[in-house]
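K.L.:
Got chain A sorted already, so can you dock chain B onto it with the hints?
Protein sequence lines, in the order shown, are assigned to chains A and B. Sequential numbering from 1 applies to the first sequence in the numbering used here. Sequential numbering from 112 applies to the second sequence in the numbering used here.
You may find that some hints are simply not true.
Said to hold, decoys possible - Here are the simulated PhoX-like cross-link-like pairs (lysine-lysine), alpha carbons at most 25 Å apart as the crow flies: (1) A:K1 / A:K68; (2) A:K93 / A:K42; (3) B:K128 / B:K168; (4) A:K1 / B:K168; (5) B:K126 / B:K168; (6) B:K168 / A:K93; (7) B:K122 / A:K42; (8) B:K168 / B:K122; (9) A:K93 / A:K1.
The hints are simulated quantities; they were obtained by calculation from the structure and are not laboratory data.
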Amino acid sequence: KQEVTQIPAALSVPEGENLVLNCSFTDSAIYNLQWFRQDPGKGLTSLLLIQSSQREQTSGRLNASLDKSSGRSTLYIAASQPGDSATYLCAVKVPGNQFYFGTGTSLTVIP
Amino acid sequence: GAGVSQSPSNKVTEKGKDVELRCDPISGHTALYWYRQSLGQGLEFLIYFQGNSAPDKSGLPSDRFSAERTGGSVSTLTIQRTQQEDSAVYLCASAGTFTDTQYFGPGTRLTVL
Numbered sequence: 001k002q003e004v005t006q007i008p009a010a011l012s013v014p015e016g017e018n019l020v021l022n023c024s025f026t027d028s029a030i031y032n033l034q035w036f037r038q039d040p041g042k043g044l045t046s047l048l049l050i051q052s053s054q055r056e057q058t059s060g061r062l063n064a065s066l067d068k069s070s071g072r073s074t075l076y077i078a079a080s081q082p083g084d085s086a087t088y089l090c091a092v093k094v095p096g097n098q099f100y101f102g103t104g105t106s107l108t109v110i111p
Numbered sequence: 112g113a114g115v116s117q118s119p120s121n122k123v124t125e126k127g128k129d130v131e132l133r134c135d136p137i138s139g140h141t142a143l144y145w146y147r148q149s150l151g152q153g154l155e156f157l158i159y160f161q162g163n164s165a166p167d168k169s170g171l172p173s174d175r176f177s178a179e180r181t182g183g184s185v186s187t188l189t190i191q192r193t194q195q196e197d198s199a200v201y202l203c204a205s206a207g208t209f210t211d212t213q214y215f216g217p218g219t220r221l222t223v224l
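Isolated chain A (complex conformation) (with noise of 0.2 Å):
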């Protein structure tokens, strides 16, 4: 079964620092690989889809890569704002069109 894990927890950090997010899966039979954020008592918001095919994403503000091979992925997020504070989670798909989920990691950037 597909494990997913997210390091830190945890982060603060001061505002306009650049920071990267790691996550790490277990299989790397995945179809893609998706990094949402979460805030407090609402939804996750889709950021960044990343397909199996595929390196890195960019949106903004943020890149995310992605190393199939060693079960990587990591979110870059360049420039931290206030408004950045948010729980960051990243899940894989698997065959049979499951999605596997992190737990996550909470962001806190201090003004």
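P.N.:
Leaving out everything else, chain B in the frame of chain A:
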């Protein structure tokens, strides 16, 4: 445009009662997912609907859980004889036919006393 909506937003029930949770997906989305998010844990897949195909029920934790999707749109998740361990946030997501980008609803917070 309208996103995914879920109702109720909060539900408090007594142990042993049945509950129904509703999900209205984005119009035209053929895929619909139900997840459960317990405190401090990741999202747990429950069930997946895709068009008119038979649903993937492999994530349902027990036979007390069931879900329907009527007319390829609205879905209802039913939990019978609720237990305290069923307390969690239940999230619904929908996706279009040719994309895996999921759009999530705000969730229903279920508390079983």
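K.L.:
Checking each numbered hint in turn, tell me which of them this model violates, lowest number first.
P.N.:
Those not satisfied: there are none.
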